[in-house]
Amino acid sequence: MNWKMWSLKKSPWVFHVNTGACNNCDIEIVNLLTPKFDVERFGIKLVGSPRHADALLVTGVGTRQAVIRLREVYRQTPKPCVVFCMGACACGTGIFEGGYHVAGPVDKIIREVDPNAIIAYVPGCPPKPEAMISGVVKALSAI
Amino acid sequence: MNQQELKDKLAEIKDKLTDIQQPLDDRISLLCEAENAYAVNKFLFEEVPLRFVIATGIDAEHCFEILYHFAYDQLGCFVTVKAFIRDRENPAIESIAPFLPGAEWIEREIHDLLGIDFKNHPDMRRLILADDWPEGVYPLRKKMAGEIAKQWPCETSVRPTTESPARRTVKLSKPVLAVGPFHPLQEEMEFFQLSIDGEIVTDIDMRISYNHRGIEGISETLQFDQVPFLVSRVCGICSASHPLAYVQAVEDIAGVTPPERALYVRVIINELERIHSHMLWVGLAGHFIGYDTVFMWAWKYREPVLDLLEEITGNRNNYGNVKVGGCREDIPDETVPKILQEIDKLEKKTEMLTKAVLDDPIIHARLKGIGVLTKEDAIKYAVTGPTARGSGIAIDVRRDDPYAVYADLDWKVITQPEGDVFAKAVVRLLEVLEAVKIIRQAVKKLPKGPVAVEVKEIPPGEGCGHAEAPRGETFHYVRSDGGNRPVRHKIRAPSFVNVPSFRASCIGEHISDVTITLAAVDPCYSCTERLAIVDGRGSILHGYEELHRLSCEKTARLKKEIGPPEWKLEDF
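Sequence order for the protein chains is V and Y. Using this note's numbering, read the first sequence as starting at 158 and increasing by one per residue. Using this note's numbering, read the second sequence as starting at 39 and increasing by one per residue.
Certain hints may be false.
[Stated by the list, open to error] Under the rule of at most 27 Å between Cα atoms (straight-line distance), these lysine-lysine pairs were calculated in the BS3-like manner:
no. : chain 1 : residue 1 : chain 2 : residue 2
1   : V       : K193      : Y       : K376
2   : Y       : K483      : V       : K202
3   : Y       : K494      : Y       : K383
4   : Y       : K393      : V       : K193
5   : Y       : K450      : Y       : K376
6   : Y       : K393      : Y       : K406
7   : Y       : K157      : V       : K193
8   : V       : K295      : V       : K193
9   : V       : K193      : Y       : K383
10  : Y       : K418      : Y       : K157
11  : Y       : K120      : Y       : K393
12  : Y       : K54       : Y       : K418
13  : Y       : K406      : Y       : K157
14  : Y       : K80       : Y       : K45
15  : Y       : K383      : Y       : K338
16  : Y       : K482      : Y       : K494
17  : Y       : K45       : V       : K285
18  : Y       : K475      : Y       : K387
19  : Y       : K338      : V       : K285
20  : Y       : K387      : Y       : K486
21  : Y       : K54       : V       : K285
22  : V       : K202      : Y       : K592
23  : V       : K285      : Y       : K376
24  : V       : K193      : V       : K285
25  : V       : K193      : Y       : K387
26  : Y       : K212      : Y       : K393
27  : V       : K236      : V       : K202
28  : V       : K236      : V       : K193
29  : Y       : K386      : V       : K193
Derived by calculation from the structure, the hints in this document are not laboratory data. Since the model is a prediction, treat every value here as computed from it, not as a measurement.
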């Protein structure tokens, strides 16, 4: 493990990217910051710019309009970074499969620009906040 | 005006119509040809006057139909104008947006999805489809559905530039504040451009599409009983209201009445949803003006409500608890005392929060007189829900067209006349207390019995359903041809009419007040991520952090000017 990977695992800062979700995963992500779950005690922090982030929390199906914006955000994130597909839509377009404006899922969009991207999946519609925390912990310990 | 008088009034324009139909007592359809639609709509909106709800475009094989839905709230009655466009090669119709700005977005949407030209429309740019969507491809035309996504793959190499259609239109001679499309905290993607003159906002332009998943198209491929699960995912926070409105539309068609217990369960779930949604808004509003304590409090109080919903329906959000003919899950008897206990606790906390928020002189100074939406503008933009009630318009579907068992319960519609952000905050906080009242009565009255009846088939026909979501009226229109799936399903979420009203409420405001004004309608999207102030040459001067800081600084400055609060912590 090089020092970059080592530092990635400590106190990950995350940037939240919505690519066409129904809001639920997003609300649950914000919920992680509030007193009941409070992930800041683990050093996990939501940041305002992808340039400050160690990980992207991506929600939503990846609509046509969102595709190029998602790639741009991924490009701006310092590497190495982890892409978390939060929820059923991001993992595999979920209930919106086959829609005319759906270009996802998210891993397909990211892999087209970076085949070696580190991608982790947290399924659920929406995943419970506990599941999100568990997913992040599992992914980081697997790196 | 009673129903007979309404009918007499409608008879005044008989010569413009081909037929008047009344499939149900409170559903009136006016049929006309495309060239008369403008006059008929103008008459309904200005002379009767009715509230504009939405328009639906339908590809009916031999012609196009545009359905203009109007509501007469005093009677809970829908009047639908059906305009037929016979020319399939060059479909066109006169735009109603010049006298009804609330119709501007829906006409742009119909243009995108069905390729119908609206003559004299003030601003016929692309609204709902992606920038790289090919010209001349209309996804809701029957012959084009299906393989569209595969036939026209996305452009892979393009990077977002300043050349997107939304950006081109704002003249760059003035400084422009670009808001979006990403936000680190809030939910969805949305892109605003504010022209500014010094600190004052002079114009606003919006671009949506980032979140367009084509749900109306997907709905036509699902069976009637699968659709509630899809529409509960229109918006995660309104995930009880959307399926309810849909189910009521289908029950309209099938003539089904659900058992009484199911109606009570629907009310309880919907009011729990209203509480958690309003609490969520109060928290975010606090965050936007730099009061993170309010944010943490409100979201903490919201958690027990989510736990209750999980206990009843199996999921914290996206309950999908209604189905045609009743409910999917019943409220277990052992949960009933728990509901009463939790809402008692919640009531006390909400009263405390309401007192702390509404008595605070700094919040008064920060929110009063900010982002005013006047009553006239509110009618023109056809806004609904707390946004309308905060501007003194007393409309509420629960009272005007009572569904479920709202008519049997004792509660009141909260209105405030001012139209500013403070009024909207008051409306929401007091509505939480009303919702607690409703739940308490519904739980106590909860009758015994089944929660669903079996529905064998859905006959051909059309139905309208609406429900009062936390953000306003959710409207669903469903057309059935007797098969097992809808042939057309139109969804109108409340934000679709509330968001365009920014044009009336934001212009003339200070930049530091814009974040809270944009948040005041509780839009289902995010506004302020990469909030960047761009000067005339396009270089970025301020980011989101800067703008949030400006907003917080204004609060801090006011705090200093006003001095320490008169109440002490011990008062609570």
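Verification of the hints:
Straight-line distance between C-alpha atoms of K193 of chain V and K376 of chain Y comes to about 20 Å, which keeps the hinted pair within the 27 Å bound. Taking the CA atoms of K483 of chain Y and K202 of chain V, the gap is about 46 Å. The hint is violated against a cut of 27 Å. Between the alpha carbons of K494 of chain Y and K383 of chain Y the distance comes to roughly 43 Å, so the proposed pair goes past 27 Å and is violated. In summary, the hint linking K393 of chain Y to K193 of chain V is supported, as the alpha carbons are separated by about 23 Å, within the 27 Å threshold.
For the hint pairing K450 of chain Y with K376 of chain Y, the CA-to-CA distance comes to about 25 Å; that is within 27 Å, so the pair holds. Simply put, K393 of chain Y and K406 of chain Y have alpha-carbon atoms about 16 Å apart, close enough for the 27 Å limit, and the pair holds. Taking the CA atoms of K157 of chain Y and K193 of chain V, the gap is about 54 Å. The hint is violated against a cut of 27 Å. The hinted pair formed by K295 of chain V and K193 of chain V meets the criterion: a straight-line CA distance of about 21 Å does not exceed 27 Å.
Between K193 of chain V and K383 of chain Y, the direct Cα distance comes to roughly 17 Å. Compliance with the 27 Å bound is thereby established for this hinted pair. A hinted pair counts as satisfied when its Cα atoms are at most 27 Å apart, and K418 of chain Y with K157 of chain Y qualifies at roughly 20 Å. A distance of roughly 49 Å separates the Cα atoms of K120 of chain Y and K393 of chain Y; the hinted pair therefore is violated under the 27 Å criterion. Restraint check for K54 of chain Y and K418 of chain Y: the C-alpha separation of about 24 Å stays at or below 27 Å, so the hint holds.
Using a Cα cut-off of 27 Å, the hinted pair K406 of chain Y and K157 of chain Y is violated, with the two alpha carbons roughly 40 Å apart. Taking the CA atoms of K80 of chain Y and K45 of chain Y, the gap is near 17 Å; set against the 27 Å cutoff, the hint holds. With a CA separation close to 12 Å, the supplied pair K383 of chain Y and K338 of chain Y stays within the 27 Å bound. Using a Cα cut-off of 27 Å, the hinted pair K482 of chain Y and K494 of chain Y is violated, with the two alpha carbons roughly 32 Å apart.
A threshold of 27 Å between alpha carbons decides the hint, and for K45 of chain Y with K285 of chain V the separation of about 52 Å lies outside it, so the pair is violated. For the hint linking K475 of chain Y to K387 of chain Y, the alpha-carbon distance of about 14 Å falls within 27 Å, and the restraint holds. For a cut-off of 27 Å, the pair hint linking K338 of chain Y to K285 of chain V stands: about 16 Å separates their Cα positions. Distance check on the hinted pair: K387 of chain Y and K486 of chain Y sit about 31 Å apart at the alpha-carbon level, beyond 27 Å; violated.
With a C-alpha separation of about 56 Å, the suggested pairing of K54 of chain Y with K285 of chain V is violated against the 27 Å cut-off. Taken as a hint, the K202 of chain V and K592 of chain Y pair is honoured in the structure, with Cα atoms around 26 Å apart against an allowance of 27 Å. For the hint linking K285 of chain V to K376 of chain Y, the alpha-carbon distance of about 22 Å falls within 27 Å, and the restraint holds. With a CA separation close to 12 Å, the supplied pair K193 of chain V and K285 of chain V stays within the 27 Å bound.
In summary, the hint linking K193 of chain V to K387 of chain Y is supported, as the alpha carbons are separated by about 16 Å, within the 27 Å threshold. Distance hint between K212 of chain Y and K393 of chain Y is unfulfilled; the C-alpha atoms sit about 43 Å from each other, more than 27 Å. A distance of roughly 18 Å separates the Cα atoms of K236 of chain V and K202 of chain V; the hinted pair therefore holds under the 27 Å criterion. Taking the CA atoms of K236 of chain V and K193 of chain V, the gap is near 32 Å; set against the 27 Å cutoff, the hint is violated.
For the given pair, K386 of chain Y sits about 19 Å from K193 of chain V by alpha-carbon distance, which is consistent with the 27 Å threshold.
Going through the hint list in order, the structure does not satisfy hints 2, 3, 7, 11, 13, 16, 17, 20, 21, 26, 28.
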